[in-house]
Amino acid sequence: MKKPIKIKPLNFSGDFKYAPAPEGTEHIQLKEKYSLFINGKFVAPSSKKYFDTINPSSEKKIASIADANAADVNLAVKAARTAYDKTWSKMPAAERGKYLYRIARIIQEKARELAVIESMDGGKPIRESRDIDVPLAAAHFFYYAGWADKLEYAFPGKKASPIGVAGQIIPWNFPLLMAAWKIAPALACGNTVVLKPAETTPLTALKLAEIFQEAELPPGVVNIITGAGATGAALVNHPGIDKIAFTGSTDVGKLIQKAIAGTDKKYTLELGGKAANIIFEDAAIDQAVEGIVNGIFFNQGHVCCAGSRLFVQEGVAKEVIRKLKDRISTLLVGDPMDKNTDIGAINSKEQLSKIKSLVNAGIKEGGECWQPDCAIPSKGYWFRPTLFMNVAQSHRIVQEEIFGPVLAIQTFRTVEEVIEKANNTPYGLSGGVWTDKGAKIFNVTGKIKAGVVWANTYNKFDPTSPFGGFKESGMGREGGLHGLMPYVKLS
Amino acid sequence: MKDAAGNIIANICRGSRKDLRESIVSNRKAQSGWSSKSAYNKGQILYRIAETLESRKAQFVDILCKQGDSVINAKKEVDTAIDVLVYYAGWCDKYIQVFSSVNPVESSHFNFSYPEPTGVVTVMAPQKQGLLGIVHLIAPMIIGGNVCTVFASEKYPMTAVDLAEVLNASDVPGGVVNIITGLQKEFIGHASSHMDVNAILFSDLDQVQRKLIQENASLNVKRVLDFSKEDMLSPYRILAAQEIKTTWHPVGN
Numbered sequence: 001m002k003k004p005i006k007i008k009p010l011n012f013s014g015d016f017k018y019a020p021a022p023e024g025t026e027h028i029q030l031k032e033k034y035s036l037f038i039n040g041k042f043v044a045p046s047s048k049k050y051f052d053t054i055n056p057s058s059e060k061k062i063a064s065i066a067d068a069n070a071a072d073v074n075l076a077v078k079a080a081r082t083a084y085d086k087t088w089s090k091m092p093a094a095e096r097g098k099y100l101y102r103i104a105r106i107i108q109e110k111a112r113e114l115a116v117i118e119s120m121d122g123g124k125p126i127r128e129s130r131d132i133d134v135p136l137a138a139a140h141f142f143y144y145a146g147w148a149d150k151l152e153y154a155f156p157g158k159k160a161s162p163i164g165v166a167g168q169i170i171p172w173n174f175p176l177l178m179a180a181w182k183i184a185p186a187l188a189c190g191n192t193v194v195l196k197p198a199e200t201t202p203l204t205a206l207k208l209a210e211i212f213q214e215a216e217l218p219p220g221v222v223n224i225i226t227g228a229g230a231t232g233a234a235l236v237n238h239p240g241i242d243k244i245a246f247t248g249s250t251d252v253g254k255l256i257q258k259a260i261a262g263t264d265k266k267y268t269l270e271l272g273g274k275a276a277n278i279i280f281e282d283a284a285i286d287q288a289v290e291g292i293v294n295g296i297f298f299n300q301g302h303v304c305c306a307g308s309r310l311f312v313q314e315g316v317a318k319e320v321i322r323k324l325k326d327r328i329s330t331l332l333v334g335d336p337m338d339k340n341t342d343i344g345a346i347n348s349k350e351q352l353s354k355i356k357s358l359v360n361a362g363i364k365e366g367g368e369c370w371q372p373d374c375a376i377p378s379k380g381y382w383f384r385p386t387l388f389m390n391v392a393q394s395h396r397i398v399q400e401e402i403f404g405p406v407l408a409i410q411t412f413r414t415v416e417e418v419i420e421k422a423n424n425t426p427y428g429l430s431g432g433v434w435t436d437k438g439a440k441i442f443n444v445t446g447k448i449k450a451g452v453v454w455a456n457t458y459n460k461f462d463p464t465s466p467f468g469g470f471k472e473s474g475m476g477r478e479g480g481l482h483g484l485m486p487y488v489k490l491s
Numbered sequence: 492m493k494d495a496a497g498n499i500i501a502n503i504c505r506g507s508r509k510d511l512r513e514s515i516v517s518n519r520k521a522q523s524g525w526s527s528k529s530a531y532n533k534g535q536i537l538y539r540i541a542e543t544l545e546s547r548k549a550q551f552v553d554i555l556c557k558q559g560d561s562v563i564n565a566k567k568e569v570d571t572a573i574d575v576l577v578y579y580a581g582w583c584d585k586y587i588q589v590f591s592s593v594n595p596v597e598s599s600h601f602n603f604s605y606p607e608p609t610g611v612v613t614v615m616a617p618q619k620q621g622l623l624g625i626v627h628l629i630a631p632m633i634i635g636g637n638v639c640t641v642f643a644s645e646k647y648p649m650t651a652v653d654l655a656e657v658l659n660a661s662d663v664p665g666g667v668v669n670i671i672t673g674l675q676k677e678f679i680g681h682a683s684s685h686m687d688v689n690a691i692l693f694s695d696l697d698q699v700q701r702k703l704i705q706e707n708a709s710l711n712v713k714r715v716l717d718f719s720k721e722d723m724l725s726p727y728r729i730l731a732a733q734e735i736k737t738t739w740h741p742v743g744n
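Line by line, the protein sequences are chains A and B.
Mapping to my numbering: the first sequence position 39 is 39, numbers consecutive.
Every number in my numbering is 491 more than the matching position in the second sequence, counting from 1.
Treat the hints as calculated values from the structure; they're not laboratory data.
Among the clues, some could well be false.
Said to hold, decoys possible - So the derived list for chain B, only partly shown, Cβ under 7 Å to chain A, looks like this:
id	residue
1	Asp-584
2	Lys-585
3	Ile-587
4	Val-589
5	Ser-591
6	Ser-599
7	Gln-705
8	Val-712
9	Asp-717
10	Lys-720
11	Thr-737
12	Asn-744
To be verified - What follows is a set of in silico ranges between Cβ atoms, one per label pair, in the way DEER data are often shown:
id	chain 1	residue 1	chain 2	residue 2	range
13	A	Glu-152	B	Lys-520	24 to 32 Å
14	A	Lys-150	B	Gln-618	41 to 49 Å
15	A	Lys-86	B	Arg-508	21 to 29 Å
16	A	Glu-416	B	Arg-508	29 to 37 Å
17	B	Gly-743	A	Lys-60	40 to 48 Å
18	A	Asp-85	B	Lys-509	47 to 55 Å
19	B	Lys-520	A	Ser-64	53 to 61 Å
20	B	Gly-665	A	Gln-399	38 to 46 Å
21	B	Asn-659	A	Asp-85	28 to 36 Å
22	B	Glu-545	A	Val-415	21 to 29 Å
23	B	Arg-508	A	Lys-60	53 to 61 Å
Said to hold, decoys possible - Straight-line Cα separation of at most 30 Å, DSBU-like style, residue types lysine-lysine; simulated pairs:
id	chain 1	residue 1	chain 2	residue 2
24	A	Lys-421	B	Lys-676
25	A	Lys-440	B	Lys-566
26	B	Lys-567	B	Lys-520
27	B	Lys-720	A	Lys-159
28	A	Lys-323	A	Lys-61
Since the structure is predicted, the reported quantities are computational estimates derived from the model, not experimental observations.
Where is the CB? At the ideal position from N, CA and C, for every residue including glycine.
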């Protein structure tokens, strides 16, 4: 019999330190005050009110942002309607496409500036905004640009025509990328847009408005109005809107679905998630550990498709948890502008307190909480990467979306058991499967009730790849061929 | 149930909320078994329903006439219902090909998207066309691997019950299509608010009923499917109760 090898815990608190590698901010251009982008121009809000957008890593104000009221929403919808009737729906489709190509190019040219502003306003590590958010946003415009004059090939047996004016409401976790996901397919299909970015992260959407000006996009084709929930509600309830596209929490999604009951408004909802990330005994464990880390700590866990429920097969549970703790101990939590940072700032004070209260609930319900002993800055909103062991299906931290860097770990024995546990949630956005066996991959990915399933990888996105949920995670797809469907009428 | 002359011709069950709940439980139990049957098998079962219906054509014409239809209309309706079933039987092993895609992602992954059934669907049968009304709604649902609870038309409950016999005689597994007779207005609220129902389908409801359904649907983000303007024969009816699933798989050594 082999002697078990004694494993010493790795020591990460030694002398090895990373030198700071801050990204510069001197090249960015920000105004002190941003008004509303309506009919191709920046106009002051009729409310005359402004709110602050702050940097969550320093709690310092970055700029004043206009707070749009119902009258402003009305102006924006009217501008979008006029642009739809007079310009955009009349323009040859190939010409529409050219505007989108041009927008993609300008985003690429301004990539560095956009990445820095995204990290300042939202708290995400510059590595992520630089390598993921901004390039994907440009790629999205580039992808849908090409669809504009090819829609007749997208829907067999049907003719596609635009719907009209789309009201779009986007969240704070991927501000620029979500704007691109919404605007690019809408415009490609011939619709015009009124977009409301999240109140904590409006800056890159407003920079995008400047890009639209630079691209000479006809006035009114895209209007960007800033504000909080009341602005969003005014947009949803406006009778001039033909279609609502919403990305955000399941609670708000349900309110929207209810609010537009009885109207002919079309809608797509991309809502919350509580994804199962499943590790089988035959998985490549070191790769799986990287995948678990990327699955839950990417963007501070502010990801609707985050792999927030980890299921580990019993035989490897000890090893996976040990390696996971070692790996988490190497993560750098801190300044989003530092190129070494793995986990940036929590997006807002409100979100931080929500994460804290759910973590406290997890501890109260008997979960075993583990956090690395890492330093976090004194100013700003921060939360250490957190693991929960000894949790049950009924625990709140297993059932509810936390939207933070908190992972609930459970074990399982059989394939049938883990499929049942994975599907035991009202959500159905995403999932992950780690195994060396091809047949098992297709069995398990086929049985997980979720819109996106990653096998031996996690949190990958691409403009050609449809994204969206089953069950209470929403309806409709964004991205790819299927992402055109929500923006057309078929006849 | 009375005929045109006012004579009682049958007693019809008046289903209750409890029947609805039990029906949904049996739907849910049947769903994964039904959707995992091969497309070829499901297609054959749909075709078998058409065959059985054809062999009982006279019975259906008779029962439709008893409930007030003319012979010409009843014959036409039964023929159309058979054609609709044959049409959808043929889609079973094709709609997935038509609506799927392989997505050329930038990274080194094999990425593909295909439709999967939404799940349990409640169906408010239209008041017109006791046979065809049910058939043109359920055929595109079950061919796509969904399971249904149908709330029969109040005008044609006997046709609905006879159709249940046809389904039973055609190898449709238990729980795939449940049919409940009774007063639709007693069901509409529960059928749209039940938390284990994934979608609700109708084709002839008024504005007030539609609003109620849409409001209730928001409780668990139900898909609300209104086929009043959809072509009767269209694969897009199948797609309406499908969820697109995308799978990422690494490419490497």
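Hints and how they fare:
For the restraint placing Asp-584/B at the interface with chain A, the shortest Cβ-Cβ distance is roughly 16 Å, beyond the 7 Å limit, so the hint is violated. Checking Lys-585/B against chain A: minimum C-beta separation of about 11 Å lies over 7 Å; hint violated. Hint on Ile-587/B is violated. Least Cβ distance to chain A is approximately 12 Å, over the 7 Å limit. The closest approach between the C-beta of Val-589/B and any C-beta of chain A is roughly 6 Å, which is under the 7 Å cut-off, so the hint is satisfied.
For Ser-591/B, the suggested interface contact is broken, since its CB lies about 10 Å from the closest CB of chain A, more than 7 Å. A least Cβ separation of about 10 Å between Ser-599/B and chain A goes past the 7 Å threshold, and the interface hint is therefore violated. With a least beta-carbon distance of about 3 Å to chain A, the hint placing Gln-705/B at the interface is held under the 7 Å criterion. Taking 7 Å as the C-beta contact cut-off toward chain A, the hint placing Val-712/B at the interface holds, the least distance being around 5 Å.
Below 7 Å, beta-carbon pairs count as interface contacts, and Asp-717/B has none with chain A, the closest being about 10 Å; its hint is therefore violated. A distance limit of 7 Å between C-beta atoms decides the matter here; for Lys-720/B the minimum to chain A is near 10 Å, and the interface restraint is violated. At its closest, the beta carbon of Thr-737/B sits 5 Å from a beta carbon of chain A; the interface hint therefore holds under the 7 Å criterion. The interface hint given for Asn-744/B is violated, since its Cβ lies 12 Å from the closest Cβ of chain A, which is over the 7 Å cut-off.
The beta-carbon spacing between Glu-152/A and Lys-520/B, approximately 43 Å, falls outside the hinted interval of 24 to 32 Å. Judged by the Cβ atoms, the range 41 to 49 Å given for Lys-150/A and Gln-618/B holds: they are separated by roughly 42 Å. For the pair Lys-86/A and Arg-508/B, the supplied restraint of 21 to 29 Å is violated, since their beta-carbon distance comes to about 53 Å. Distance hint check for Glu-416/A and Arg-508/B: the Cβ-Cβ separation is about 33 Å, which falls inside the suggested range of 29 to 37 Å.
For Gly-743/B and Lys-60/A, the hinted distance range of 40 to 48 Å is satisfied, since their beta carbons lie about 44 Å from each other. Distance hint check for Asp-85/A and Lys-509/B: the Cβ-Cβ separation is about 53 Å, which falls inside the suggested range of 47 to 55 Å. Restraint check, Lys-520/B to Ser-64/A: a C-beta distance of roughly 58 Å satisfies the suggested window 53 to 61 Å. A hinted range of 38 to 46 Å for the beta carbons of Gly-665/B and Gln-399/A is inconsistent with their spacing of about 32 Å.
Taking 28 to 36 Å as the suggested C-beta distance range, the pair Asn-659/B and Asp-85/A does not conform, at roughly 55 Å. The supplied range of 21 to 29 Å is broken by Glu-545/B and Val-415/A, whose beta-carbon atoms lie about 43 Å from each other. Checked against the given bound of 53 to 61 Å, the beta carbons of Arg-508/B and Lys-60/A, roughly 57 Å apart, stay inside it. With a CA separation close to 37 Å, the supplied pair Lys-421/A and Lys-676/B exceeds the 30 Å bound.
The straight-line distance between the Cα atoms of Lys-440/A and Lys-566/B is roughly 51 Å, outside the 30 Å bound, and the hint therefore fails. A threshold of 30 Å between alpha carbons decides the hint, and for Lys-567/B with Lys-520/B the separation of about 36 Å lies outside it, so the pair is violated. Only pairs whose Cα atoms come within 30 Å are accepted, and Lys-720/B paired with Lys-159/A is accepted, the gap being roughly 15 Å. A C-alpha spacing of about 40 Å is found between Lys-323/A and Lys-61/A, which places the hinted pair above 30 Å, so the restraint is violated.
Consistency note: the structure conflicts with the earlier hints numbered 1, 2, 3, 5, 6, 9, 10, 12, 13, 15, 20, 21, 22, 24, 25, 26 and 28.
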